[in-house]
Amino acid sequence: GAVVSQHPSRVICKSGTSVKIECRSLDFQATTMFWYRQFPKQSLMLMATSNEGSKATYEQGVEKDKFLINHASLTLSTLTVTSAHPEDSSFYICSAREGKGRGGYTFGSGTRLTVV
Amino acid sequence: GENVGLHLPTLSVQEGDNSIINCAYSNSASDYFIWYKQESGKGPQFIIDIRSNMDKRQGQRVTVLLNKTVKHLSLQIAATQPGDSAVYFCAEGYSSASKIIFGSGTRLSIRP
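As given, the protein sequences belong to chains A and B, one line each in that order. Residue numbers for the first sequence follow the working numbering, beginning at -12 and rising by one. Residue numbers for the second sequence follow the working numbering, beginning at 7 and rising by one.
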């Protein structure tokens, strides 16, 4: 079945630094990927839709200059949290649309970001 | 934006009993609905989906019911097992957009 690999699974960074999270579709091509953020005991909130070869589409209230998304190939999307602050600490999850069974969306295992 | 919400934030069920998890959605344009299971520290896992041209769909031990009149979705889990303990989310999407939006989630706990 479709597999999405997300890396790293955990990262701790200092306040003010930038962190890059990778999302790879391993056995299929994904023209569209999605980035979600999830705070403890809350739901997944869609941050942006990542489109291969074009600019990402950000949801209302998400700062595009702070959360940089690059989807340079059909199997890789990256999310860079720039100038991270403690309030950016969260669980970040990507998904890729592969348009077939299992709902058509495959999710990564998530990245736990802690900013200290 | 549109929001998908849930009636019950937590649900405790006796092992072996059936579980029913509810979800209300507000976007009448939504035509595709998915139920996900999320275990602690992991990404969502697909359970079952349903399109708006159906009102019921069954899988292995799970059934999804869709009532478009009242914009209500439910997930029924038969013979609940300890491994069913998790947070369950419904998500909605519509044909004109590729994204899906998640509801607020229900935590299912199983009593032995």
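Hints are computed from structural coordinates only; laboratory data are not their basis. Among these hints, one or two may not hold up.
Quick partial rundown of chain A residues pointing at chain B, CB under 7 Å, derived from the structure [unchecked claim]:
| # | residue |
| --- | --- |
| 1 | S30 |
| 2 | L33 |
| 3 | K42 |
| 4 | S96 |
| 5 | G97 |
Every residue gets a Cβ at the ideal spot worked out from N, C-alpha and C, and that includes glycine.
Results of checking the hints against the structure:
1. The closest approach between the C-beta of S30 (chain A) and any C-beta of chain B is roughly 5 Å, which is under the 7 Å cut-off, so the hint is satisfied.
2. For L33 (chain A), the shortest C-beta to C-beta distance to chain B is roughly 6 Å, which falls under 7 Å, so the interface hint holds.
3. The closest approach between the C-beta of K42 (chain A) and any C-beta of chain B is roughly 15 Å, which is over the 7 Å cut-off, so the hint fails.
4. For S96 (chain A), the interface hint holds, since its Cβ comes within 7 Å of a Cβ in chain B; the closest pair sits about 5 Å apart.
5. Given the 7 Å rule on beta carbons, the hint for G97 (chain A) holds: about 5 Å separates it from the nearest Cβ of chain B.
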